[in-house]
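Engineer: Sequence order for the protein chains is A and B.
The first sequence lines up with residues 1 to 397 when you count with the working numbering.
The second sequence lines up with residues 1 to 80 when you count with the working numbering.
Worth double-checking, as some hints may not be accurate.
As the list claims (entries may be wrong) - Simulated restraints on C-beta separations:
| hint | chain 1 | residue 1 | chain 2 | residue 2 | range |
| --- | --- | --- | --- | --- | --- |
| 1 | B | P42 | A | K236 | 25 to 31 Å |
| 2 | B | E57 | A | P39 | 53 to 59 Å |
| 3 | B | M1 | A | K236 | 52 to 58 Å |
Stated by the list, open to error - Calculated lysine-lysine pairs in the BS3-like style (CA-CA distance at most 30 Å, straight line):
| hint | chain 1 | residue 1 | chain 2 | residue 2 |
| --- | --- | --- | --- | --- |
| 4 | B | K38 | A | K265 |
| 5 | B | K38 | A | K53 |
| 6 | A | K48 | A | K137 |
| 7 | A | K113 | A | K48 |
| 8 | A | K48 | A | K265 |
| 9 | A | K263 | A | K369 |
| 10 | A | K308 | A | K293 |
| 11 | B | K38 | A | K203 |
| 12 | A | K369 | B | K38 |
| 13 | A | K113 | A | K236 |
| 14 | A | K265 | A | K85 |
| 15 | A | K85 | A | K53 |
| 16 | A | K293 | B | K38 |
| 17 | A | K53 | A | K293 |
| 18 | B | K38 | A | K263 |
| 19 | A | K293 | A | K265 |
| 20 | A | K261 | A | K53 |
| 21 | A | K48 | A | K293 |
The hints are simulated quantities; they were obtained by calculation from the structure and are not laboratory data.
Just so it is clear, CB atoms sit at the ideal spot from N, CA and C, and this is done for glycine as well.
What follows is the residue order along each chain.
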Amino acid sequence: MIQIPKSKFLCLAKCAKIRKKMMFRAEEYQRYNRHLIMPEVGLAGQAKLQQAKVLVVGAGGLGCPVLQYLAAAGVGNLGIVDGDKIDISNLQRQILYTTAELGQSKARVAQTKIQALNPHVYSQAFDTHLTRDNALKIIADYDLVVDCTDNFPTRYLINDACVILQKTLIFGAIYKFEGQVSVFNFPLSEQERSATYRCLFPKMPNAAEVPNCAEAGVIGVLPGIIGTLQANEVIKIIVGLGEPLANQIWLLDALTLQSRKIKFKRIPEQANISQLTDYQEVCITSPNKNPIKSISPQTLQSELTTGKDWQIIDVREDYEFEICHLPQAQLIPLGQIRHHIAQIATHQPVVVYCHHGMRSAKAIQELQKIYPFNNLYNLAGGIHAWATEVDIEMMTY
Amino acid sequence: MNIQIQLFGITRDIVGQNQCQVSLTDSATVADLLQQLKIDYPELARLSSLLVAVNSEYADNQTLIRLGDEVALIPPVSGG
Numbered sequence: 001m002i003q004i005p006k007s008k009f010l011c012l013a014k015c016a017k018i019r020k021k022m023m024f025r026a027e028e029y030q031r032y033n034r035h036l037i038m039p040e041v042g043l044a045g046q047a048k049l050q051q052a053k054v055l056v057v058g059a060g061g062l063g064c065p066v067l068q069y070l071a072a073a074g075v076g077n078l079g080i081v082d083g084d085k086i087d088i089s090n091l092q093r094q095i096l097y098t099t100a101e102l103g104q105s106k107a108r109v110a111q112t113k114i115q116a117l118n119p120h121v122y123s124q125a126f127d128t129h130l131t132r133d134n135a136l137k138i139i140a141d142y143d144l145v146v147d148c149t150d151n152f153p154t155r156y157l158i159n160d161a162c163v164i165l166q167k168t169l170i171f172g173a174i175y176k177f178e179g180q181v182s183v184f185n186f187p188l189s190e191q192e193r194s195a196t197y198r199c200l201f202p203k204m205p206n207a208a209e210v211p212n213c214a215e216a217g218v219i220g221v222l223p224g225i226i227g228t229l230q231a232n233e234v235i236k237i238i239v240g241l242g243e244p245l246a247n248q249i250w251l252l253d254a255l256t257l258q259s260r261k262i263k264f265k266r267i268p269e270q271a272n273i274s275q276l277t278d279y280q281e282v283c284i285t286s287p288n289k290n291p292i293k294s295i296s297p298q299t300l301q302s303e304l305t306t307g308k309d310w311q312i313i314d315v316r317e318d319y320e321f322e323i324c325h326l327p328q329a330q331l332i333p334l335g336q337i338r339h340h341i342a343q344i345a346t347h348q349p350v351v352v353y354c355h356h357g358m359r360s361a362k363a364i365q366e367l368q369k370i371y372p373f374n375n376l377y378n379l380a381g382g383i384h385a386w387a388t389e390v391d392i393e394m395m396t397y
Numbered sequence: 001m002n003i004q005i006q007l008f009g010i011t012r013d014i015v016g017q018n019q020c021q022v023s024l025t026d027s028a029t030v031a032d033l034l035q036q037l038k039i040d041y042p043e044l045a046r047l048s049s050l051l052v053a054v055n056s057e058y059a060d061n062q063t064l065i066r067l068g069d070e071v072a073l074i075p076p077v078s079g080g
């Protein structure tokens with residue numbers, strides 16, 4: 001049984017004023033014992049955690065450990081934003097979820113799990129993607145925002161919304177075996193805040209430029225490491241411990257366990273943001289004057305069933321093609337597409353697809369750079385969307 | 001002078017190694033370095049945001065590079 005040392009009780013008694021304000025239940029003194037016995041946290045620090053409101057955007061690989069550790073630590077008010085459903089390919093790293101919960105809302109399942117972990121925490125699930133229309137409204141109610149998302153448009157949206165609303169942003173991102181952690185827009189004084197995401201990377205990369213986890217893969221424990229460090233930064237900032245990673249980005253290479261901190265500064269013109277823009281559109285079209293056209297699985301299906309002659313190009317890898325493919329699809333993996341440009345039709349519509357639509361967007365972009373095709377269409381959502389919306393008997397992965 | 005560049009994220013995949021070497025004239029800047037890298041590895045030119053760190057500090061285009069400097073090429077990553 002966990003017992004609070006007597007000396008600690010004396011200390012707690014001295015803090016009667018704080019105790020009244022926070023109203024911890026008896027069970028909570030035991031629950032948070034390992035925090036309370038450290039003078040650096042103590043009752044005052046635990047009270048700060050209880051009064052904190054933290055919004056976690058994305059309940060995936062990073063969001064799972066962030067939510068678990070913040071709930072366990074007694075952060076009093078947690079918001080969870082995620083519009084996705086639990087997919088079997090998530091379970092390799094998204095440790096809040098189980099096989100039995102496939103297809104359920106991530107935000108709602110995550111909420112149920114953290115309430116079970118710590119019933120003293122108040123939480124709210126937002127079963128929606130963060131968008132230009134809802135971002136300011138949702139973020140405004142919280143003190144700190146944790147970016148656990150998996151795409152650039154949402155990362156830039158969160159950055160800009162946090163700048164506008166003057167919120168501190170705890171950033172984490174992963175790629176294969178590498179991770180990045182930083183704290184943006186942190187108040188250094190009453191007038192001054194630390195650097196933002198745009199001070200590091202002013203221009204949002206386009207969709208086809210840098211692959212995400214679904215495209216490039218990620219080692220399963222990496223989001224655990226990076227998400228745990230994000231949670232650590234959140235707790236440090238709330239309690240007022242140590243040095244938050246403001247004006248610094250921490251990089252980890254999990255293959256060598258080498259890490260480094262890069263210092264950077266706020267660039268006033270990058271932090272001068274007064275309104276949100278249209279992030280999705282900027283992401284897809286900004287670096288390419290020739291925009292990528294897309295076609296929905298339903299439209300493609302009706303085109304094919306009415307006998308229209310489409311060329312179908314699959315830009316995934318061999319092993320993915322073996323799992324499933326569209327009838328009559330030609331396999332040209334993305335890495336080889338530029339060498340097979342002669343096989344791409346110019347006088348009939350061509351649909352290009354991959355798993356989720358990112359590699360095929362990249363393929364179209366590459367092809368359009370070499371030749372002014374105007375007949376290429378990206379299958380929106382890739383073969384995964386085809387399998388879930390049109391051909392439900394098709395195998396998914 | 002030959003400068004050793006540490007690579008991260010997609011730049012590793014483009015170059016095919018964790019580091020690479022670039023030959024620069026004395027008193028070259030970060031802008032010169034990027035220009036040379038894009039000649040050596042044309043695919044780097046398609047990255048719209050690329051952070052260059054010199055001796056573990058953010059370096060803008062005008063920053064001078066000296067022999068022995070520790071240079072890193074850090075692209076944004078989006079996974080979560």
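Engineer: Evaluate each hint against the coordinates.
Structural biologist: Hints versus structure:
no.	hint	in the structure
1	P42(B) with K236(A): 25 to 31 Å	violated (43 Å)
2	E57(B) with P39(A): 53 to 59 Å	violated (35 Å)
3	M1(B) with K236(A): 52 to 58 Å	violated (41 Å)
4	K38(B) with K265(A)	holds (26 Å)
5	K38(B) with K53(A)	violated (45 Å)
6	K48(A) with K137(A)	holds (24 Å)
7	K113(A) with K48(A)	holds (23 Å)
8	K48(A) with K265(A)	holds (29 Å)
9	K263(A) with K369(A)	violated (36 Å)
10	K308(A) with K293(A)	holds (18 Å)
11	K38(B) with K203(A)	holds (18 Å)
12	K369(A) with K38(B)	holds (17 Å)
13	K113(A) with K236(A)	holds (24 Å)
14	K265(A) with K85(A)	violated (38 Å)
15	K85(A) with K53(A)	holds (25 Å)
16	K293(A) with K38(B)	holds (29 Å)
17	K53(A) with K293(A)	violated (41 Å)
18	K38(B) with K263(A)	holds (25 Å)
19	K293(A) with K265(A)	violated (39 Å)
20	K261(A) with K53(A)	holds (28 Å)
21	K48(A) with K293(A)	violated (50 Å)
The structure fails to meet hints 1, 2, 3, 5, 9, 14, 17, 19, 21 from the earlier list, while all remaining hints are met.
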